[in-house]
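Enquirer: Full structure from sequences and hints, please.
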Amino acid sequence: MPHEPRYAMAVDLERCTGCHACSVACKAENEVPLGHFRTKVYYYDEGKYPQVRRWFLPTLCMQCADAPCLKACPTDSIARGDDGIVRINVQTCNGNGRCEEACPYGAIYVDPLRHVADKCDFCSHRLPLGMAPACVETCPSEALVFGDANDPESRVSRFHARYDAELEVLKPDSQADPQVRYRGLKRELEGKLPQGRNHDPRSYEIDSWATLQSEFKSGREENRE
Amino acid sequence: MSSSSKRRDETPNEAEGCHRGPAVARRDFVKSGIAALASLAVGETIRLTPGEASERAPARQADARVPHDYAKASQVPSVCLNCSTVCGIVGYVIDDRVVKLAGNPLDPNNGRTICAKGQAGVCINDYPERLLYPLARVGRRGEGLWKRIAWDEAYAQLAERINKCLAEGTPEQVAMHYGRSRISDVIERFMNAIGSPVILNHRALCSLNKRAANYASIGDADWETVDAERTKYLLNFGSNFYEAHQGHIHFLKRVIRGRFDNGAKLVTFDVRLSNTAGRSDEWFAPFPGTEGAIALAMARVMMTAGEFDRDFVSRWVNVSVEELKRFLEPYSPEWAEARSGVPARDIDRVALEFARCRPACAAFTNRGSHAHYNGFNNDRAVVLLNALAGSIGQPGGYCYGPGARIDPAEFPPPEPAPPKPARRTDLEDPPEYPLANLWQKMKVGELAYDFIQRRRALVQVYLTYTLGSPTTWPEGRSLTVAVLRDERLIPFHACSDIVYSETAHYADLILPDAAYLERWGLDTRNSYEFRPYVALRQPMTAPPGECVSFADVLIELGRRLGPETARYFAFGNHADYVRHQCKKIPAGDCANGFEYMQRHGVWSDPTRPVSRSEFARELTVAELQGARTDEATGVIYQQAADGAERSMGIWIDGAPRRGFRTPSRKFEVVSSTVIEQAANAGLEDDGWPRYTPIPAHEDLPPDRLILTTFKWNVHTQARTAPQKYLSEIVHDNPLWINSETARRLGLRSGDLVEVTTYRPKGNTYRATGEKLGSERIRVFVTEGIHPRVAAVSNSLGQRFGGRAAIAHRGPSAEGPAFDERILSDDPDLAQMLWWDAEEGGSGAGYNLNGIMPIQPAPLTGMQCWFDTVCSLRKA
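These protein sequence lines map, in sequence, to chains X and V.
Heads up: the first sequence is residues 137 to 361, going by the working numbering.
Heads up: the second sequence is residues 3 to 877, going by the working numbering.
Hint data in this document are derived by calculation from the structure and do not stem from the laboratory.
Some hints here could point you the wrong way.
Not the full set, but computed from the structure, chain X residues with beta-carbon under 7 Å of chain V [said to hold, decoys possible]: (1) T153; (2) A157; (3) R190.
Computed beta-carbon distance windows for the label pairs [said to hold, decoys possible]: (4) X:Q227 x V:E145: 49 to 57 Å; (5) V:P410 x X:L348: 51 to 59 Å; (6) V:P608 x X:D202: 48 to 56 Å; (7) X:A201 x V:P345: 46 to 54 Å.
Virtual Cβ for every residue (Gly too), placed ideally from N, Cα, C.
Expert: Listed below in structure tokens is the structure:
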């Protein structure tokens with residue numbers, strides 16, 4: 137009898153080329169409104185000329201085992217399935233935004249047009265058809281590793297087995313037990329992740345590449361100062 | 003940050019092109035804006051200027067999002083064209099809408115993966131600002147006043163203008179100018195049919211020097227195909243293949259495997275910290291245009307240390323080991339350090355590391371090394387490193403060959419095909435640049451507008467397609483626009499485009515094109531699996547409104563011009579043309595080859611051997627029929643169909659072999675072609691790939707910088723800015739300067755500077771060194787750039803193309819119309835576009851091409867994009 141799948145994602149940052157294919161595929165797949173993100177790629181330029189290096193960090197929902205969003209939801213609209221995916225029930229979600237405030241990873245937004253919360257669910261609508269999440273399918277450098285962690289032969293299981301000792305999670309002290317694991321993580325990039333709100337669209341503006349800030353003012357706000 | 007720094011600095015020198023000025027006073031009889039155009043009848047007039055607010059149907063209601071139901075989707079294989087890499091794709095179509103794109107797993111190069119640009123293709127299909135009807139200019143050119151006309155009238159106008167040229171015996175006064183069309187076969191057929199040789203392209207702005215260097219060295223003018231998956235060492239001179247490059251992700255994904263699954267090292271030379279440089283094992287920033295000096299020094303290191311493939315050099319290189327050593331003698335690492343700034347010890351070390359990985363190593367280039375005055379020889383010097391390493395055609399080495407283009411013999415177009423025109427003009431064949439058109443038609447496109455202005459060639463009819471010359475050409479918003487708007491110089495301009503672009507704005511007739519997801523074509527690229535393949539571009543949906551693909555426009559126009567041309571277009575439409583091209587493709591599991599292509603999208607002959615090169619292949623008895631050998635050189639000659647005798651092979655090791663397609667059939671360090679062509683142009687050149695400094699960079703005053711340009715991983719020239727998911731990521735392009743430069747000038751990130759550019763020196767166009775122009779731009783202070791370099795990206799600073807391109811949130815301000823499928827506005831563009839400068843965003847960026855001088859490199863005509871001398875002043 138086939139076992140129940142438990143979906144898992146790992147990111148091999150050594151291979152990542154910062155190409156944004158994952159985040160654009162995600163936008164197209166899930167029609168994520170401009171200015172809001174299920175997944176986002178961060179850049180960080182480190183060092184002094186001529187010793188400079190560029191780091192990338194693709195982010196998404198960490199499908200936390202102890203998900204703060206789930207606990208914060210007043211309408212019980214968020215659940216973690218046996219398959220390891222944290223999902224939002226859009227039928228009962230009223231867009232109150234507590235989940236977005238609770239998320240340590242900037243992974244949730246409240247859709248301003250539809251007034252419901254939304255986040256990465258590993259493209260749950262694709263999985264029954266045997267299709268990988270849109271980001272994973274398109275990743276040119278094979279940096280995104282996805283599969284059924286209950287199947288020892290899956291890509292993600294083999295990746296976990298091969299690199300187990302090297303794998304880390306983002307913000308391990310978040311007490312959320314995040315499940316997406318990274319290889320080659322540049323820990324400083326955590327500083328770019330927003331706390332309690334969705335990824336800021338301005339956090340990829342080029343002026344921010346050499347910074348580790350997560351808070352941005354709009355040009356209009358700056359102009360008022 | 004100061005308030006002025008974040009706000010977009012309006013450029014005052016373009017009267018009608020400002021981002022969004024006050025609404026233009028409307029005349030009563032003139033309709034305006036998109037909502038009006040939706041109901042615009044044939045014969046009615048409309049004003050379309052950027053920046054004009056108008057009303058249109060309200061944005062779609064925000065219903066609960068329903069995930070794509072892939073069980074209901076039809077899958078249509080096709081070929082991407084959001085850049086020139088042309089990846090095989092599959093479109094998922096639900097209710098006549100392309101909801102998602104993915105890579106075609108059958109494509110040998112990209113498989114299931116496509117890049118961000120490829121993924122963004124869905125933005126085009128139901129883009130609310132698509133051109134939908136033919137439009138004829140009503141007011142002054144560039145005023146933006148248009149009348150909707152029927153296609154019959156559009157064809158009649160085109161036919162009248164073209165037939166006038168034909169009747170006057172001046173077919174060459176019909177000029178065709180296109181960018182990345184991927185229908186050049188149909189374009190050429192049309193131009194041949196009317197007898198005009200004037201087909202202008204963009205190669206001199208792109209890859210000319212690289213192709214010329216490959217051609218001079220190995221006789222193959224296409225891009226090399228590095229076997230990156232199997233390599234151990236990659237020496238990259240100025241390619242940013244992590245973000246762009248022809249063969250972008252085809253190459254990239256194999257480099258990633260080579261590096262992280264096969265242990266290859268990647269060393270990059272680039273003046274700017276591209277993503278490629280930023281993720282290489284080592285990054286060196288040479289002074290611009292000194293890559294050839296570094297490569298020659300590396301060659302010297304390899305030969306001095308004896309770390310080179312003596313067998314290969316002795317057999318296959320057209321000079322002896324001793325001659326080569328003598329030639330390289332002056333080029334020591336210390337000498338190269340003095341020119342490039344790259345430490346001699348690093349040049350020495352990297353050269354030996356590279357050499358010791360031979361033959362599984364490859365040195366390769368792109369514009370960083372070749373878009374220079376001396377770029378042709380820079381690239382020849384880099385290619386030479388592969389010859390020394392004996393890596394040419396080896397697993398893990400520098401490979402070339404199969405399948406870079408559609409071979410008419412294998413994929414025959416319908417008969418009869420028109421003959422090539424005998425006449426020539428300076429416009430498409432400038433005699434000053436003899437290497438430009440020697441093997442492929444490269445033209446020297448950056449000179450086209452100057453030549454038209456100086457009437458070195460007369461143009462009566464100017465046809466443009468996939469051409470964004472006002473923003474992508476050097477001297478774009480200056481000379482280019484001045485010529486485009488001058489009705490005496492260009493009496494008639496018809497533009498085919500999918501959006502109301504800056505090129506279309508200066509046209510007399512706008513022909514609404516089908517987007518690449520809505521049209522036909524056979525396509526291919528050099529195969530990184532080293533076996534040629536062909537892919538089919540086919541419509542995933544019908545084009546909206548009255549859009550017609552430009553190929554079909556030309557075919558229909560060819561039929562309407564008269565019986566002399568019509569006979570070349572009797573085959574039907576573009577689909578019929580492509581069907582004919584597929585007739586030799588095996589039917590496989592389908593009724594015929596065309597249907598096979600429609601179902602699978604990609605075909606490759608599995609019986610054909612994998613081929614990383616062809617030079618060592620032994621010639622067959624059949625191939626040697628009627629051949630003769632020159633005893634002195636061993637070169638084998640054969641009479642071609644035209645009666646001329648050409649070399650076709652060479653005796654090496656007692657066997658007749660294919661050899662390189664150079665005159666000597668060897669790898670040519672000394673190029674007889676260069677000697678001959680230079681002499682024809684009155685230039686002196688001894689044929690060796692010598693390093694020559696860039697004249698404008700000699701004795702450079704300390705306050706002068708070199709202005710360079712670059713591409714983003716999410717944009718392709720002028721064509722992607724309208725795609726919201728791409729412009730959301732990159733919409734702004736401040737000028738990169740090094741922190742040391744910033745300190746000297748008292749600048750901080752966000753400050754405005756005035757950048758002033760100077761014309762080139764030496765043997766090139768208007769080589770006066772004089773000031774060309776100035777623009778104001780915000781700076782970005784970074785550690786990731788050479789201190790003597792300033793860098794600005796292309797692709798941005800658009801003034802046309804819709805709200806995503808010009809960074810305007812709100813009801814649509816431009817763009818001619820929608821049909822029932824594009825019924826309502828896009829709430830993203832109307833309500834969510836956050837980078838609008840008026841709404842506190844950073845805006846649509848800058849386009850500095852107006853002050854980028856036209857500077858064709860000697861011999862080849864390659865635009866020297868990365869040579870421009872500039873100065874900066876705090877504004």
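Enquirer: Look at each hint and say if it fits the structure.
Expert: For each hint, the structure was consulted:
1. T153: 5 Å, holds
2. A157: It holds, given that the least Cβ distance between A157 (chain X) and chain V is near 5 Å, below 7 Å.
3. R190: 3 Å, holds
4. X:Q227 x V:E145: 49 to 57 Å: About 53 Å separates the Cβ atoms of Q227 (chain X) and E145 (chain V), which means 49 to 57 Å holds.
5. V:P410 x X:L348: 51 to 59 Å: Given about 56 Å between the Cβ atoms, the range holds.
6. V:P608 x X:D202: 48 to 56 Å: Because 52 Å falls inside the window, the suggested range holds.
7. X:A201 x V:P345: 46 to 54 Å: 51 Å, holds
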